[in-house]
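Participant: Here is how the chains run, residue by residue.
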Amino acid sequence: MTEGASSQRGARLGEWLFLYGLSILAALVLSALLVESTGGAWRSVVSALIDGSLRKPARWGETLGTAAPILLVAVGTIVSGRAGLINIGQEGQLLVGAAFATYFGFLIGGPGPFNVVVILFFGVVGGALWAGVAALLKFWRNVPEVLSTLLLVTVGGQLVAYGLSQSWLLLAPLADRGNRNQVSSQLADDNRLPRPEIFGNEISFAVILAVVAAVLVSILLSRTVWGFRLRMLGRNPRAAQRSGVAQTRYGATALMLSGGFAGLAGAAMLAGGGFAFGNYQLVPGFATNIGWTGLLVALVAREKALVAIPVAFIFAGLRTGSSFVGATGVEGRITDVIQGFLVLALLVPPAVMFLRDRRRSRAAATDRA
Amino acid sequence: MSGFFEAVIDIFTSESTYINGALFAGFLAFAASGELVAERAGTINISVEGMLLGGAFTSAVGYHLTGSTIAAMAAGVLGGVIVAGVQAEMSHRLSADQFVVGLTLNILVFGLAGFLDNELEPDTELASRWEVPVLSDIPLLGQALFGQRWPFYLLYLLVPFTWWVLYRTRWGLELRSVGENPQSADVSGIDVNRRRRQSIYYAGLTSGLGGWFLIFGQIGLFEDSVVGGRGFIAIAAVIFGGWTLRGTIAGCVIFAGALSFRLSVQGLGYEVNSELLQSLPFIVTLAGMAVFAHRVRPPAALAQPFVRGLK
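These protein sequence lines map, in sequence, to chains A and B.
Each residue of the first sequence is one higher than the last, beginning at 1 in the numbering used here.
Each residue of the second sequence is one higher than the last, beginning at 1001 in the numbering used here.
If you're looking for bench data, these hints aren't it; they were derived computationally from the structure.
The model shown is predicted, which means the values in this text are computed figures rather than measured ones.
The reader is advised that the hints may include incorrect statements.
To be verified - If you want a taste of the chain A side facing chain B, the calculated C-beta under 10 Å gives, among others: (1) Arg9; (2) Leu13; (3) Ile24; (4) Val29; (5) Ser165; (6) Leu299; (7) Arg333; (8) Thr335.
Said to hold, decoys possible - Pair ranges (Cβ atoms, derived): (9) Ser1188/B to Arg235/A: 40 to 48 Å; (10) Trp1150/B to Asn279/A: 34 to 42 Å; (11) Pro111/A to Ala1250/B: 53 to 61 Å; (12) Glu1089/B to Glu36/A: 19 to 27 Å.
By construction, the Cβ of each residue, glycine as well, lies at the ideal position given by its N, Cα and C atoms.
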């Protein structure tokens, strides 16, 4: 009996691995075909990707630094996803978080390390408030959060752009910027997250923050009553309601937490700096798709915070690698395509397995009857 | 304050407001009529954005290759339907989460269109303008409704056709039943997921047309930002309209009004902060949904996947 069960489990694992391998291969082959058909060479693209993400000097530090905000966004998405809410507005929440962080960072302007905490804190507040708008619309006016979070991305983007055009909000005084640049002032040296240097790579402190957040959220979701209630809400809202889990309270909390993590990611990008994220200042288009990428990471990780850690690093690698792809004569946006194919491909195996399991259990049920 | 009223009056009496409004509303209506069909069958089809962009891109390529606007239309429909195919087969055959699929598709199509656009750089030009005699001379609205480039007039066929299909055919009835009560539909012999797939293909068809209309009836050239989130406004129009065709079209007109108002304010030379103005259509959309979304009843099985035997 036990032997049968374990060999069955082995067969299942084999099926999983086979399906995943096949779909990932299909995605990569499709991308390679696309590169070849437009006159590029896929080998050079791969080698450029590895150069840009790991091999060249100081690049893996860059990749880690890029992974940090992506992971933070993903972790937040996992929280709301567990509660059955579909937050797809992280890009906007991240930007609003970064704007709040900038505004209050300069407004309060306390001593160094204290102000770093202030900046991160207001990042969380900004993101949570922006997601809170969606939560309010959802639980008060019944507006689906899928749409409201999405529409708020554009609104948030325009509001922050407005803020950057007004010197009483975010715009830097003329002395601190080029004449027509709409940017905020730069954070002072002691207002930045530390970037210790290891083996010639600067590692942003945000990486540690993000990994700790992922581990904490993973524990919270799987080992606490609160996490259990969120899951219950996600799996069966009616049962959750009957057993005393107020949908409004838990749902709104989850949505705002998710926005808060996105906002924290924005603040960490601001204070963590790095080549990819401006120069410790808020600029137009600051979010640069980190929110979307984080969302994809959460989807690929199938709402498991610990799985999101390696996935975030892979996606960050695609991103840092893409800046080297241009030199091979292939348009750098190929990495967006690779990413899209990969995510789509990774959706297939779980769905196939789900359907097969159902078919098998139905067959077993008819056999018994 | 008098300046403000003058501005508003100027805007409402200028023909260009109505022409732009009709163009925006038309574009939304292409997408929204298909989206309505998909939602009545139970799918919140957020890949409509990707379908529009895919259709716009393939139609531009189609024109580039053949030089014919009709061939471009066929190519646009093909593009929309290909995106729809991925969405439909993955969410209603493999039962992957429809939002996850839709979202990923949007990102993938955006990446693909941007990548291939840079590689191919398709040439396009606007279709010719057709003026309907007499009707196009109606003051204010005449040019907007009857003086457009010819792809616009397809709407006068598509919208009634959508109504007929949805409310006057057996297929439409089955489709709506699948969105309301898939278990009962299943028991009465309707293949639920098949109807849902078909409804998504229909959305792909109309959105492909919408993308084609955008390039050949409105803008004239392809960029990866041509759709720019308006697919989501089309979804909002369906919700705003309470999942009826009449309401959906009304939603399209209202949201297009906000888009057009924004253009007119700047076109007539009034100084308003452009960033705030740009978010106006989105704010109007959100406000519209906030006011109307709780008054209407969505299809009972909206966004719920159907797997036989599971409820």
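Participant: If a hint holds in the structure, say so; if it doesn't, say that too.
Facilitator: Evaluated hints:
1. Arg9: With a minimum Cβ separation of about 23 Å from chain B (threshold 10 Å), the hint on Arg9/A is violated.
2. Leu13: Status violated, d = 21 Å.
3. Ile24: Since the shortest Cβ distance to chain B is 15 Å, the answer is violated.
4. Val29: 16 Å, violated
5. Ser165: Holds, about 6 Å.
6. Leu299: Interface hint status for Leu299/A: holds (5 Å vs cutoff 10 Å).
7. Arg333: Result: holds, 5 Å to nearest chain B Cβ.
8. Thr335: 8 Å, holds
9. Ser1188/B to Arg235/A: 40 to 48 Å: Since the Cβ atoms of Ser1188/B and Arg235/A sit about 29 Å apart, the hinted range of 40 to 48 Å is violated.
10. Trp1150/B to Asn279/A: 34 to 42 Å: Since Trp1150/B and Asn279/A have Cβ atoms about 51 Å apart, the given range 34 to 42 Å is violated.
11. Pro111/A to Ala1250/B: 53 to 61 Å: 57 Å, holds
12. Glu1089/B to Glu36/A: 19 to 27 Å: The hinted range 19 to 27 Å holds for Glu1089/B and Glu36/A, with Cβ atoms some 26 Å apart.
This entry does not satisfy hints 1, 2, 3, 4, 9, 10, going by the numbered hints stated previously.
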